[in-house]
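Undergrad: Based on these hints, arrange chain B on the given structure of chain A.
Just so you know, the protein sequences line up as chains A and B, in that order. So the first sequence is numbered by numbering that gives the first Met the number 0: it starts at 0 and just counts up by one. So the second sequence is numbered by numbering that gives the first Met the number 0: it starts at 0 and just counts up by one.
Careful: at least some of the hints might be erroneous.
Heads up, simulated BS3-like pairs for lysine-lysine below, C-alpha to C-alpha not over 30 Å straight-line [stated by the list, open to error]: (1) A:Lys-27 / A:Lys-332; (2) B:Lys-406 / B:Lys-187; (3) A:Lys-7 / A:Lys-332; (4) A:Lys-332 / B:Lys-77; (5) B:Lys-27 / A:Lys-27; (6) B:Lys-32 / A:Lys-77; (7) B:Lys-367 / A:Lys-32; (8) B:Lys-131 / A:Lys-32; (9) B:Lys-296 / B:Lys-367; (10) A:Lys-99 / B:Lys-296; (11) A:Lys-307 / B:Lys-131; (12) B:Lys-241 / A:Lys-27; (13) A:Lys-241 / B:Lys-332; (14) A:Lys-298 / A:Lys-367; (15) A:Lys-296 / A:Lys-241; (16) A:Lys-332 / B:Lys-241; (17) B:Lys-250 / A:Lys-27; (18) B:Lys-77 / A:Lys-99.
According to the in silico footprint, chain A covers these stretches of chain B (three or more CB under 8 Å from chain A) [unchecked claim]: (19) 31-41; (20) 60-69; (21) 87-94; (22) 115-125.
Treat the hints as calculated values from the structure; they're not laboratory data. Virtual Cβ for every residue (Gly too), placed ideally from N, Cα, C.
There are 2 protein chains.
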Amino acid sequence: MPETKVKKEEDFNEWYNEVVELADLCDKRYPIKGMNVWRPHGWEIMQNIDGIIRGEMRRTNHLEVYFPLLIPESLFQKEAEHIEGFGGEVYWVTHAGENKLEERWLLRPTSETAMYPVFSLWIRSHSDLPLKVFQIVNTFRYETKQTRAFIRVREIHFFEAHTCHRDFEDAERQIAEDKEIATRFFNKLCLPFIFNKRPEWDKFAGAFYTISMDVLMPSGRTLQLGSIHQYRDNFAKPYDIKYEDENGEHKYCHQTTYGMSERVIGAIVGVHGDNKGIVLPPVIAPVQVVIVPIIFKGKEKMVLDACKQVHSALESASVSSYLDEREDTPGRKYYEWELKGVPVRVEVGPRDVEKGTVVLARRDTGEKREVKLEDVVSEVQNLFEDISRNLIETAKRLLESSFFRVKNVDEARGKKGIVEIPWCGREECAVEMENVLDMRTLGEPLDAEECDENCPVCGEKAKTWVRLAKTY
Amino acid sequence: MPETKVKKEEDFNEWYNEVVELADLCDKRYPIKGMNVWRPHGWEIMQNIDGIIRGEMRRTNHLEVYFPLLIPESLFQKEAEHIEGFGGEVYWVTHAGENKLEERWLLRPTSETAMYPVFSLWIRSHSDLPLKVFQIVNTFRYETKQTRAFIRVREIHFFEAHTCHRDFEDAERQIAEDKEIATRFFNKLCLPFIFNKRPEWDKFAGAFYTISMDVLMPSGRTLQLGSIHQYRDNFAKPYDIKYEDENGEHKYCHQTTYGMSERVIGAIVGVHGDNKGIVLPPVIAPVQVVIVPIIFKGKEKMVLDACKQVHSALESASVSSYLDEREDTPGRKYYEWELKGVPVRVEVGPRDVEKGTVVLARRDTGEKREVKLEDVVSEVQNLFEDISRNLIETAKRLLESSFFRVKNVDEARGKKGIVEIPWCGREECAVEMENVLDMRTLGEPLDAEECDENCPVCGEKAKTWVRLAKTY
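The following block holds chain A by itself, in its conformation from the complex:
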């Protein structure tokens, strides 16, 4: 079988660039850097991913909304830290037709400042709480670093949930629910990840604290796929989001958000893919099974009839399948569907038909098996489970073998992956570690055990462990 020009194990970043194009996920030739065209295959995968998070939102009583893209500058500037954090990274609309706007509008980098003035109108009393909404939209960020498909782009396909609560404790319960949602979501995508409580100096602009969800890419760099923020009443005060409680008292809401971007698809490409292309978890594959007839002269009808039987059996069982009847060699078809990550291939040749069997080929391991034609649906469904299990276990092994708990900076040197180092909690010590290791601080583990060691930078008693890694 043909393979990618660049090998994943040799040059991960170049392999990634090659494979996102070969698998027809996106086209990077659009004339604005970092604004790519989603091709049909990539967009359908993204929509399937969106479908999973929509299911999670429904399960947890979040309602879907859509807020405007454009935000007046005056609204944006109400929360001081927020504007400081984002001000340099937004795009500005200044003109409409021939007219200069009275006030500049920015393209949302995220929607706090569009939503919260409206939340203050929606929320009147404690009976309006909790308010739980989400949207899936295009957002914009003026990236000056090198762009990379799905991973660092300037128009970003973005999921954002926003909630309002009566007090800090109820907002904390939301954070607990968000963590459960994240765990279920990434598990379905076969992506093991870690939560990190982001350090104070690198939390979301305006947040009380930020938790990130990070995956490890095979390059040894981590990729932040999403984050959960506890805002306390930091935004409620400037945006005046208040409710009347049971005693007639007016109180500020406490708020949270949960955001994830198209980076999820980048992680799926990077973590699961190989030198034959991308490998899709069955749950998000637009085509879950491709059926390829192996035609010999005089046997066409017999083979195609069997293929159609397989196709309709799979469709009846709600398995998305495609019968590839195009005039081309089976080999070239295999190659193309492997590139696109289709989890299972069914091969049907005249000899199989005579025996009443078909051959199933797994995309993840390449393994082939002969099964009875009448068992094809249950065999395929079992295979989906096996594939999902294999994908997540392979990724878990990578994560575990790239995770190093060390006692000092020297031990951390040269490690490919995530290092966990005793830490006093001070920014300057973490920055020193960052500089020495050429890594970035991911943050603390959420449920940090006692750390009996000393901070290797200042020598004082460590307060906790801190994680560092090279990042995207």
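TA: Quick look at chain B alone, frame taken from chain A:
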């Protein structure tokens, strides 16, 4: 039952404004005029409408893509008529962070100029044709007229299909397919409409010809919901979209587009709604059936058990239903669900349960019927058909009774609806009719019969009939 403050038959436009808010479709208090917040109910209806067009696209082998929102000015300016038509109506991004952009970017008003440079890379040979793609995206238009929810807004939820063909004839076949798609689509939404071939001076900027789909609102004004454009090779030339044919010759593609906007939801509100709220065709209702328990002391469990039985029977039959167990009076629940347009209400009281029956109430006619509990699924499904039939027939009667074929301008005067007048084909004569009648030209019927009359303005032999109406 409570009713809207403003009556539909007395002041349609004010009733419309009231009902879109009461039915929780959108919130117009966002601080940029014409950029509204989609509330959960409105957004879910819109997504169901999008689902219907996606189904039509799948049926006709269109693939879904997503192109960037921002378009460099130089790309936009390649097609001279297009820039002339849209140049004054677009929003301009001029700055990123603190930096002035080297070239201005505009927010897409529609995506021809974003897509076509990329199509020229995608299309190499005749085997790449036809290319049929679509996207559902936010678009922007700098509206200076008075805005109105869904009908005239500045951020527009927009569907656009774009196709490329080997020649004019194949593009014409696409137009025929588009007309079939439109007919099926609007039929599902119970919206009778008319096709109009738009006059030369009012076709889409850059098109060879434009066909509009117009519905009649109860105010007597027509609302254009979408359009189909034949571009010929007008865009292929400036954007260099060429293919190599079987003989090695390089030829320009011929292109078409099909666009529809969120105005569809405006038409559903306007055409089907009444003084109790909106009325949704069952096919797009987020909640198709609401089940309301009528609780009496001591009978709670009996009633709720029966409600749950109805609920689970409906869900098993893929009918979206909601069991309203909130602590409130049945009357207030009826009011709320009627406002939101839920097609069928099931009322379950203790006497019904004793008799083994439930009561079905139709949203469209208000009619109530007692049915056996065990028949509830099939009765509800029959009711859905009856409701859809009634909605479309009522709307057809409105359209037909508001359609006037007249021989001269005097006869057309004061008519509420659409008038069809003999016409020589010259712009100045149509403009004269527009001025006298205070109407706008919709265009010619697609399959215009011979017209044996004379143009009432210039007196010359009429070439065809022309339709005029007051429009939104």
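Undergrad: Between Lys-307 (chain A) and Lys-131 (chain B), is the straight-line Cα distance small enough, at 30 Å or below?
TA: 26 Å, holds
Undergrad: Is Lys-27 (chain B) close enough to Lys-27 (chain A), meaning Cα to Cα at most 30 Å?
TA: Judged against 30 Å, a Cα distance of about 37 Å means the pair is violated.
Undergrad: Verify the proposed pairing of Lys-32 (chain B) with Lys-77 (chain A), using a straight-line Cα cut of 30 Å.
TA: Answer holds: Lys-32 (chain B) to Lys-77 (chain A) is near 20 Å, not above 30 Å.
Undergrad: With the threshold set at 30 Å, check whether the alpha-carbon distance from Lys-7 (chain A) to Lys-332 (chain A) stays at or below it.
TA: Holds: Lys-7 (chain A) and Lys-332 (chain A) sit about 22 Å apart, inside 30 Å.
Undergrad: Has the region 60-69 of chain B got at least three residues whose CB is nearer than 8 Å to a CB belonging to chain A?
TA: holds (count 8)
Undergrad: Need the status of pair Lys-99 (chain A), Lys-296 (chain B): alpha-carbon distance at most 30 Å?
TA: 66 Å, violated
Undergrad: Between the alpha carbons of Lys-406 (chain B) and Lys-187 (chain B), is the straight-line distance 30 Å or under?
TA: Violated: Lys-406 (chain B) and Lys-187 (chain B) sit about 35 Å apart, past 30 Å.
Undergrad: Against the 30 Å threshold, does the CA-CA distance of Lys-131 (chain B) and Lys-32 (chain A) hold or violate the hint?
TA: 26 Å, holds
Undergrad: Are the Cα positions of Lys-296 (chain B) and Lys-367 (chain B) separated by 30 Å at most?
TA: 25 Å, holds
Undergrad: Starting from Lys-77 (chain B), check that the Cα of Lys-99 (chain A) is at most 30 Å away, please.
TA: 24 Å, holds
Undergrad: Checking C-beta pairs, does the region 87-94 of chain B have three or more residues closer than 8 Å to chain A?
TA: It holds: at least three residues are needed, and the region 87-94 of chain B offers 8 whose Cβ sits within less than 8 Å of chain A.
Undergrad: Does the structure keep Lys-241 (chain B) and Lys-27 (chain A) at a Cα separation of 30 Å or less?
TA: Holds: Lys-241 (chain B) and Lys-27 (chain A) sit about 20 Å apart, inside 30 Å.
Comparing the model with each earlier hint shows violations of hints 2, 4, 5, 7, 10 and 15; every other hint is respected.
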